[in-house]
Amino acid sequence: MMTTIRIALIRRLFGLLALTAAVLPLSVLGAGGDSYRLQSGSPAGAYDIDPLHSAVFFTVGHLGVSEFQGRFNKIYGTFTLDPSHPEQSRIEAEVPISSLDTGYAPRDKDLLGPDFFNAKQFPVMRFVGKKYQPKGRNRALLAGDLTLHGVTRPVTFEVRYIGSGPDPWGGYRTGYTASTTIKRSDFGMNYMLGGISDEVRITVYIEGKRK
Amino acid sequence: MSLFSSQMATAMLLDTLVWPLLAMAAAFGIGRLAARQDMAKRAFDTWGELAVTAGFVAACVSIRRQIPLPPVQVVDWLPVFAVAGWAVFFAARTWGSAVRIASRGLVVLAVTGILLAPLLAQADPVRGLAMVLPVAALWFGAWCYVIRNTWATATGGVPLLAAAAGHAVVATLGGSLLLGQLSGALAVSLGGWLVLDRFVSKRRAVRIPDEIAVLILGSLMLIGYQYSETPPSALLLLVAALAADAPLRTLRKRGVWSAAPTPVPAAIAALPPVVLAVWLASAGLRSAA
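Chains A and B supply the protein sequences, listed in that same order. Residue 111 in numbering that gives the first Met the number 0 sits at position 112 of the first sequence, and the numbers go up by one each step. Residue 238 in numbering that gives the first Met the number 0 sits at position 239 of the second sequence, and the numbers go up by one each step.
These are calculated hints, taken from the structure and not from any lab test. Hints may contain errors.
Said to hold, decoys possible - Derived Cβ-Cβ restraints for the label pairs, each shown as a range: (1) A83(B) to R152(A): 25 to 35 Å; (2) A104(A) to A10(B): 19 to 29 Å; (3) T101(A) to L12(B): 18 to 28 Å.
As the list claims (entries may be wrong) - Just so you have them, the derived chain A footprint on chain B, three or more residues with Cβ under 8 Å: (4) 5–16; (5) 52–65; (6) 169–178.
Said to hold, decoys possible - From the structure, some residues in chain A lie toward chain B, with a derived Cβ separation under 10 Å: (7) L62; (8) G63; (9) P105; (10) K108; (11) D109; (12) L111; (13) P113; (14) K119; (15) H148; (16) G149; (17) V150; (18) S184; (19) N189; (20) Y190; (21) L192; (22) G193.
All residues carry an ideal CB built from backbone N, CA and C; glycine is no exception.
Go ahead and model the full structure; you've got the sequences and the hints to work with.
Here you go:
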């Protein structure tokens, strides 16, 4: 009788082991595979903007019938964020105007010429953030000076915090999106206001790598 | 679908053709009233230059809706150059020819320096000089040639008008509709002046106001070359078009051509280099696409 009970226990143990062996690889596969999750580390620190994972998009109205989007492929700069003292947060970002890309080379040439951006005279667009004001969970307002086309004007971005955490190469990263609407005529870009809207929506995707 | 059904197209036509023509005609009318008792050469020169300046400045204001003062970008300097240039040429009428030529050279250097200043700030001094001096020399030489021949050939400076009209097309194809519009407005002001002077003043030997025309056209071409990457080959052909009436001068010297005013043959002679320049610019646009 003791032998029968032992055999039953051993069978149950083996069964449990077999079940564990069958499930464990699946759970490991599930954990390392397609489950993308936002990282929830602290965003505090000083960061360099990663130009390979950051970009600036702009959207304008076209001929009163559609909206058209273009982008600047490069953005450089640094930012510092202290969630416990947000007033001490700072950002300086620079965008080479020559990195403009609308997907059609002749149009890029027109936009980079004296009609619009005049890239040879004004090669960079610059933003210096001066005031970071949290507005609830993961939202903030970032006020600063935007220098575009040789003119500097105050602008305020609506910021959405994405996440922070370690990367696979030993670094630490954080990411944001920021958007605002400007009038290009405020920056002296007032050609063809009848065909291309004065209002320009700017959206910035930033990924920073902690220094 | 009519071109005028587009509000934007209508506005561009008004800005490029109508407003500069009206401003030039208004200045022409005022000049005729002022000089009614004295149709001397000096009065004609004064009002011709002023009328073209008025037409061009009117185009600048209507196209860009504002003229920032002080100027911010290079195109903002154009109406300033036009007005200041007219003032210099007005004063220069009483100067000797050597002083007039020297003042022309100083204007070329100053305008070239101002227009290229943003690029010079980004370049070393040697490269900066290499950028400024050849352009200024070519511009100065072309200017002296145009002024001399405008009087010598009695073609009325029509090649200059052809070059301005050609640059309107070349600049547009080269990537700047703004420069195309401004060049077109200059051509309209010059052509309008020619027509009014011929048929209203009933002057047999008409001549467009060449000093202000060369100043404005040269500025537009320099901006197009440096900031809009207008094909340099096309620009050089337009400069060459300024000498298109040289064969007519030779024929006249040899007695083959009559002494009558020859603006129409001069315009025809200027057509080949202008057409070739337009073709080169369009070829550049096709290759970029």
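Results for each hint:
Separated by about 30 Å at the C-beta atoms, A83(B) and R152(A) satisfy the suggested range of 25 to 35 Å. Hint check: A104(A) to A10(B), Cβ distance near 28 Å, so the stated range 19 to 29 Å holds. Distance hint check for T101(A) and L12(B): the Cβ-Cβ separation is about 27 Å, which falls inside the suggested range of 18 to 28 Å. Evaluation of the coverage hint for the region 5–16 of chain B: fulfilled, as 3 residues show C-beta separations to chain A shorter than 8 Å, against a requirement of three.
Residues of the region 52–65 of chain B with a Cβ under 8 Å from some Cβ of chain A number 4, which satisfies the need for three, so the listed coverage holds. As drawn, the region 169–178 of chain B meets chain A at 5 residues by the rule of a beta-carbon pair under 8 Å; at three or more, the given contact holds. For L62(A), the suggested interface contact is upheld, since its CB lies about 7 Å from the closest CB of chain B, less than 10 Å. For the restraint placing G63(A) at the interface with chain B, the shortest Cβ-Cβ distance is roughly 9 Å, inside the 10 Å limit, so the hint holds.
Restraint check, P105(A) versus chain B: the minimum CB separation of about 5 Å is within 10 Å; hint holds. Checking K108(A) against chain B: minimum C-beta separation of about 5 Å stays under 10 Å; hint holds. Proximity of D109(A) to chain B holds as hinted, the smallest CB-CB distance being about 5 Å (cut-off 10 Å). At its closest, the beta carbon of L111(A) sits 8 Å from a beta carbon of chain B; the interface hint therefore holds under the 10 Å criterion.
A cut of 10 Å between beta carbons decides the hint on P113(A): the least distance to chain B is about 5 Å, and the hint holds. Given hint, K119(A) at the interface with chain B, holds; its Cβ is 5 Å from that chain's nearest Cβ, closer than 10 Å. Hint status for H148(A): holds, given a least beta-carbon distance of 7 Å to chain B, under 10 Å. The closest approach between the C-beta of G149(A) and any C-beta of chain B is roughly 5 Å, which is under the 10 Å cut-off, so the hint is satisfied.
The beta carbon of V150(A) is positioned within 10 Å of a beta carbon in chain B (closest approach about 7 Å), and the interface hint is therefore held. Checking S184(A) against chain B by beta carbon gives a least distance of about 8 Å; that is within 10 Å, so the hint holds. This hint holds: N189(A) has a C-beta 6 Å from the nearest C-beta of chain B, less than the 10 Å allowed. A distance limit of 10 Å between C-beta atoms decides the matter here; for Y190(A) the minimum to chain B is near 5 Å, and the interface restraint holds.
A cut of 10 Å between beta carbons decides the hint on L192(A): the least distance to chain B is about 7 Å, and the hint holds. The beta carbon of G193(A) is positioned within 10 Å of a beta carbon in chain B (closest approach about 4 Å), and the interface hint is therefore held.
Going through the hint list in order, the structure satisfies each hint without exception.
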